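Generate coordinates for the entire structure from the input sequences, incorporating the hints supplied.
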Amino acid sequence: MARIARYVFAAAMAALLAGCATGYRLDNQVQSFSHLQALPAQPTYRFERTLSQQADPTQQALEALADPALHKAGLRRDDAQPRYSVQVSARVDRTVSPYYDPWD
167 MARIARYVFA
177 AAMAALLAGC
187 ATGYRLDNQV
197 QSFSHLQALP
207 AQPTYRFERT
217 LSQQADPTQQ
227 ALEALADPAL
237 HKAGLRRDDA
247 QPRYSVQVSA
257 RVDRTVSPYY
267 DPWD
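Just add 166 to wherever you are in the sequence shown, counting from 1, and you've got our numbering.
FYI, nobody ran anything at the bench for these hints, they're computed from the structure.
Be a bit skeptical, because a hint or two may be false.
Unchecked claim - Computed Cβ-Cβ distance ranges for the label pairs, DEER-style:
no.	residue 1	residue 2	range
1	ALA230	ARG172	53 to 59 Å
2	ARG169	ASN194	46 to 52 Å
3	PRO268	ALA177	21 to 27 Å
4	PRO234	ARG260	27 to 33 Å
5	VAL258	HIS237	24 to 30 Å
6	SER255	LEU202	18 to 24 Å
Predicted, not measured: the structure shown is a model, and the values here were computed from it.
Just so you know, even glycine gets a beta-carbon here, dropped at the ideal spot from N, CA and C.
Spelled out as structure tokens, the structure:
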């Protein structure tokens, strides 16, 4: 009976340690700046890019992800006569683990 209890304890500890070993974390932060109480009629926007974003090939894909959310909020994209300017950016920070990780 004591032998079975040791195996159960060892299996429980292995499961606990395996759960603690998963250190992947996804975090996000959204900042929105507006003093409008409501959107005016026919709100239009265009994407504005910084110099570093103009040279980034992934910026267009990022804007394509933001476009449906802006459309859902009631804005319509118009690059010729925009009423508003929208700037989107993304950043990835990698944390280097002091331990060997075969998936990194």
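Do the hints match the structure? See the list:
| no. | hint | verdict |
| --- | --- | --- |
| 1 | ALA230 to ARG172: 53 to 59 Å | holds (56 Å) |
| 2 | ARG169 to ASN194: 46 to 52 Å | holds (49 Å) |
| 3 | PRO268 to ALA177: 21 to 27 Å | holds (23 Å) |
| 4 | PRO234 to ARG260: 27 to 33 Å | holds (28 Å) |
| 5 | VAL258 to HIS237: 24 to 30 Å | holds (26 Å) |
| 6 | SER255 to LEU202: 18 to 24 Å | holds (22 Å) |
Going through the hint list in order, the structure satisfies each hint without exception.
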